[in-house]
Amino acid sequence: MGIPAKFELRDSSNQAALWHAVSRCNVAEVKLLLKSGDALPADLNGVTPLNCAIMRNNTSIARLLLKHLRAFYSTTTFLDDKDVNGAELPLCLAVSFERTQMIELLLEFGADVNAANRRGHTPLYHAVDQGRLEAVELLLKQQDTNLQAPDHSGSTALHVATKRNHKSIWSTRLKQDDISIRLLAEDGVDLNAVGWKSGSTTPLYHAVERQNYLVAERFVKNPELDPNVLGSFRWTPLGHAARDGNVDMVKLLLRRNDIQINAVRPGEDSPLWLAVKCGRTKVVGLLLQQGKRLDINSRNNKDGESALSAAAGSGYLHIVKLILEDSRTDLNAVDKSGKSAMWHADSNGHHQVVKELLKDPRLCVDLRPIASVAGSQ
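Numbering (the working numbering), first residue to last: 1 to 377.
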């Protein structure tokens with residue numbers, strides 16, 4: 001294919017005459033220069049004349065450049081070529097600035113709606129990441145838009161939407177089918193995809209983390225969801241909600257029959273332990289209401305500490321009383337250091353908790369092991 005010769009004359013920023021004409025929005029100069037020049041050469045910052053027109057939001061000049069380029073290239077792949085488009089692909093750039101007319105123009109000239117830039121980000125990824133609602137709606141109208149295209153870390157647009165928690169997209173527009181159905185209920189979308197290298201997590205985890213009830217509810221209602229995938233700090237979504245004391249979110253997650261109320265993996269913190277550790281009395285009460293589903297004596301965490309020991313060591317008397325109401329509670333369980341709930345309460349000076357524990361007939365009356373542990377510290 002024939003490619004026009006490039007102008008060799010550049011300024012100190014490597015900007016050719018065409019670049020300056022586009023920057024000044026001078027249509028006459030652009031037309032004149034296009035008769036003998038190439039519209040693709042970038043400046044030192046990787047900005048091509050086409051990208052300059054996009055940033056200037058000048059659709060007239062952008063159309064001139066696109067017609068010129070199409071005349072010299074047998075296909076429109078130049079729009080999606082990372083090597084010739086400098087710092088950013090034109091469609092990704094137009095989305096970032098939410099230039100809706102420019103987006104439509106680029107799509108008209110054959111820009112690939114799923115082309116990823118050097119960071120692996122598609123136009124939809126950009127739009128969702130920056131909360132560009134109009135751009136999101138426009139891209140979702142394209143039949144070929146890939147909703148689950150991952151970036152280099154495995155994150156999809158759905159990850160980004162829940163992570164960024166843009167209210168304009170997820171809350172105020174949740175009832176709009178072009179957003180909610182296409183992103184949350186589109187056939188083939190992997191709701192359980194794990195992304196974000198720093199603390200690999202699922203979209204549900206992000207929704208819980210951002211306390212976005214409306215989005216979390218959409219996930220919970222979907223039977224394909226796995227609500228138990230571990231996220232940051234090896235917490236499940238339920239564990240995160242419990243730690244935050246988010247009563248409504250905990251209630252929502254408990255609707256799922258397949259929700260794991262207990263820690264099942266080595267070193268995993270149980271939702272009950274997390275709630276207790278942060279003094280979330282209402283959440284503790286909710287979890288205790290789960291009856292046999294709940295392992296009240298779970299000690300899966302790295303220290304082997306029970307919920308009762310955590311409450312006793314923190315001096316949460318009301319929570320201690322709640323846990324003691326369950327007949328299954330093991331008052332004499334010890335952690336990996338051999339310390340019991342009584343030891344934790346006494347060593348931290350929580351005398352009211354000590355008195356409460358001593359009143360319970362299930363407590364081992366032989367306190368010598370506790371004394372020996374205390375004396376060794």
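FYI, nobody ran anything at the bench for these hints, they're computed from the structure.
Small disclaimer: the values here were computed from a predicted structure and weren't measured.
Don't take every hint at face value.
[To be verified] Label pairs and their in silico Cβ distance ranges:
id, residue 1, residue 2, range
1, Asp190, Lys321, 15 to 21 Å
2, Asp248, His318, 54 to 60 Å
3, Lys221, Val27, 28 to 34 Å
4, Arg70, Tyr213, 24 to 30 Å
5, Gly304, Asp248, 49 to 55 Å
6, Cys25, Pro223, 52 to 58 Å
7, Pro223, Glu108, 35 to 41 Å
8, Pro223, Asn332, 52 to 58 Å
9, Gln211, Asn45, 25 to 31 Å
10, Ser153, Ala17, 23 to 29 Å
[What the hints assert, rightly or not] Each computed PhoX-like pair below joins lysine-lysine, with the alpha-carbon atoms no more than 20 Å apart:
id, residue 1, residue 2
11, Lys321, Lys359
12, Lys292, Lys321
13, Lys355, Lys302
14, Lys336, Lys359
15, Lys67, Lys35
16, Lys221, Lys251
17, Lys302, Lys251
18, Lys336, Lys321
19, Lys221, Lys277
20, Lys282, Lys251
21, Lys336, Lys282
22, Lys302, Lys277
From the three backbone atoms N, C-alpha and C, an ideal C-beta is built for every residue, glycine too.
Going down the list of hints, with the structure as the test:
{"no.": "1", "hint": "Asp190 <-> Lys321: 15 to 21 Å", "result": "violated (44 Å)"}
{"no.": "2", "hint": "Asp248 <-> His318: 54 to 60 Å", "result": "violated (21 Å)"}
{"no.": "3", "hint": "Lys221 <-> Val27: 28 to 34 Å", "result": "violated (53 Å)"}
{"no.": "4", "hint": "Arg70 <-> Tyr213: 24 to 30 Å", "result": "violated (48 Å)"}
{"no.": "5", "hint": "Gly304 <-> Asp248: 49 to 55 Å", "result": "violated (31 Å)"}
{"no.": "6", "hint": "Cys25 <-> Pro223: 52 to 58 Å", "result": "holds (54 Å)"}
{"no.": "7", "hint": "Pro223 <-> Glu108: 35 to 41 Å", "result": "holds (40 Å)"}
{"no.": "8", "hint": "Pro223 <-> Asn332: 52 to 58 Å", "result": "violated (42 Å)"}
{"no.": "9", "hint": "Gln211 <-> Asn45: 25 to 31 Å", "result": "violated (39 Å)"}
{"no.": "10", "hint": "Ser153 <-> Ala17: 23 to 29 Å", "result": "violated (41 Å)"}
{"no.": "11", "hint": "Lys321 <-> Lys359", "result": "holds (11 Å)"}
{"no.": "12", "hint": "Lys292 <-> Lys321", "result": "holds (19 Å)"}
{"no.": "13", "hint": "Lys355 <-> Lys302", "result": "violated (28 Å)"}
{"no.": "14", "hint": "Lys336 <-> Lys359", "result": "violated (25 Å)"}
{"no.": "15", "hint": "Lys67 <-> Lys35", "result": "holds (12 Å)"}
{"no.": "16", "hint": "Lys221 <-> Lys251", "result": "holds (13 Å)"}
{"no.": "17", "hint": "Lys302 <-> Lys251", "result": "violated (27 Å)"}
{"no.": "18", "hint": "Lys336 <-> Lys321", "result": "violated (24 Å)"}
{"no.": "19", "hint": "Lys221 <-> Lys277", "result": "violated (30 Å)"}
{"no.": "20", "hint": "Lys282 <-> Lys251", "result": "holds (11 Å)"}
{"no.": "21", "hint": "Lys336 <-> Lys282", "result": "violated (28 Å)"}
{"no.": "22", "hint": "Lys302 <-> Lys277", "result": "holds (14 Å)"}
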